[in-house]
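J.: Below, each chain spelled out in residue letters.
There are 2 protein chains.
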Amino acid sequence: MATTSMYTASIPVFQHMLKNLSHVLAKGAAHAEARKVDPSALTTFRLFPDMLPLARQVLIACDAAKNGVARVSGVEAPKFEDQETTFEELKGRIQKTLDYLASVPASALDGTEDKEITFPVGPASRTMKAQAYLFTWVMPNFYFHTVTTYDILRHNGVELGKRDYLAGSQQ
Amino acid sequence: MATTSMYTASIPVFQHMLKNLSHVLAKGAAHAEARKVDPSALTTFRLFPDMLPLARQVLIACDAAKNGVARVSGVEAPKFEDQETTFEELKGRIQKTLDYLASVPASALDGTEDKEITFPVGPASRTMKAQAYLFTWVMPNFYFHTVTTYDILRHNGVELGKRDYLAGSQQ
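Respectively, the protein sequence lines represent chains A and B.
Per our numbering, residue 758 is the first one in the first sequence, and the count goes up by one each step.
Per our numbering, residue 758 is the first one in the second sequence, and the count goes up by one each step.
Hints listed in this document are in silico derivations from the structure and should not be mistaken for laboratory results.
Treat the hints with care, since some could be wrong.
Stated by the list, open to error - Covered stretches of chain A (chain B as the covering partner; in silico rule of three or more C-beta atoms under 8 Å from a C-beta of chain B):
1) 780 to 791
2) 821 to 829
3) 838 to 850
4) 887 to 896
Said to hold, decoys possible - Covered stretches of chain B, as calculated for chain A (at least 3 residues, CB under 8 Å):
5) 765 to 776
6) 855 to 861
7) 906 to 915
Backbone N, C-alpha and C define an ideal beta-carbon position, used for all residues, glycine too.
The whole structure should be built from the sequences, with the hints applied where relevant.
T.: Okay, here's the thing in structure tokens:
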């Protein structure tokens with residue numbers, strides 16, 4: 758019988774949604790190629806001048822998953838240089854994030870609910886128990902940047918549907 | 758010691774994020790009033806012509822939570838008529854959704870991981886076990902419409918930051 762735990766509530770979810778995100782980015786790249794537009798018109802696009810561009814949305818989604826899991830599990834994560842700008846590079850960053858997530862055993866996450874996690878919030882830091890940290894900080898943050906990536910592409914006319922976001926990697 | 762379960766992974770998360778969403782909508786309403794613009798310019802705004810307008814995004818976020826919980830828990834949920842269009846009415850819909858969520862006991866959700874859930878997907882239906890349904894369908898769907906609501910307001914210049922989305926109801 759399946760059970761629900763800090764592991765089942767995090768790693769498989771990130772894996773599923775990051776694979777879908779990679780599929781969404783592939784559709785963005787294909788759109789640019791088909792329309793003969795510079796792909797950077799999409800990857801640098803912001804929904805508002807003081808919002809982050811698409812490429813940064815993807816990097817932050819990846820790091821929300823990677824750093825969230827690293828802090829809770831204690832399994833050290835590689836540090837990346839944030840130099841990805843093209844669709845191909847962003848998909849590579851997702852793959853590197855997936856590689857890290859696959860290296861974290863369930864035993865490192867399960868039973869961590871009450872562990873105190875201190876994490877940076879802007880120039881300050883905040884401390885929460887791991888369960889609240891995962892469910893009310895890491896997950897909402899991860900989804901924020903994943904959905905905003907989708908919304909940027911959709912706003913620019915890329916032919917995407919919610920199914921691409923929910924299950925695109927299974928198509 | 759805290760444990761993680763189908764209940765802790767769903768109801769408290771929906772409650773937290775819906776309260777933040779209500780706060781985000783209040784900022785949208787305040788923005789319209791301060792700038793003396795018709796609030797419906799915001800509530801009817803779409804990020805692309807074939808995307809849903811803000812008001813529908815809010816209704817679907819509410820129903821993702823309500824119907825997801827109802828299907829898994831078996832606790833009957835009220836049906837709403839989807840007539841809300843103003844910021845005040847949308848905040849009311851969130852409150853009605855919160856009232857339903859508060860009525861669902863942990864015992865109705867915990868241990869449901871393997872329960873088969875059949876749910877509508879467009880004109881068809883799909884069946885998944887409750888754990889996969891919650892984590893790879895209901896939650897991503899809920900976040901999709903919550904974040905898109907935020908993105909629509911942000912795209913229209915409403916002064917919001919990620920903190921409003923993550924923790925706005927606690928301010």
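J.: Now look at each hint and say whether the structure bears it out.
T.: Hints, verified against the model:
Requiring three or more residues with a Cβ within less than 8 Å of a Cβ of chain B, the coverage given for the stretch 780 to 791 of chain A is violated, as only 0 such residues are present. Residue count for the stretch 821 to 829 of chain A with a Cβ under 8 Å from a Cβ of chain B: 0. That is fewer than the three needed, and the coverage hint is violated. Using a Cβ-Cβ cut-off of 8 Å, 0 residues of the stretch 838 to 850 of chain A lie near chain B, which falls short of the minimum of three, so the contact claim is violated. Coverage of the stretch 887 to 896 of chain A by chain B holds in this model, with 5 residues showing a Cβ closer than 8 Å to a Cβ of that chain against a need of three.
Three residues within the 8 Å Cβ limit are the bar, and the stretch 765 to 776 of chain B against chain A gives 6, so the coverage statement holds. Taking a C-beta to C-beta cut-off of 8 Å, the stretch 855 to 861 of chain B contributes 0 residues in contact with chain A, too few for the three needed, and the coverage statement is violated. Closer than 8 Å: that is the beta-carbon criterion, and the stretch 906 to 915 of chain B has 5 residues meeting it against chain A, so the requirement of 3 holds.
Hints 1, 2, 3 and 6 from the list above are not met by this structure, while the remaining hints are.
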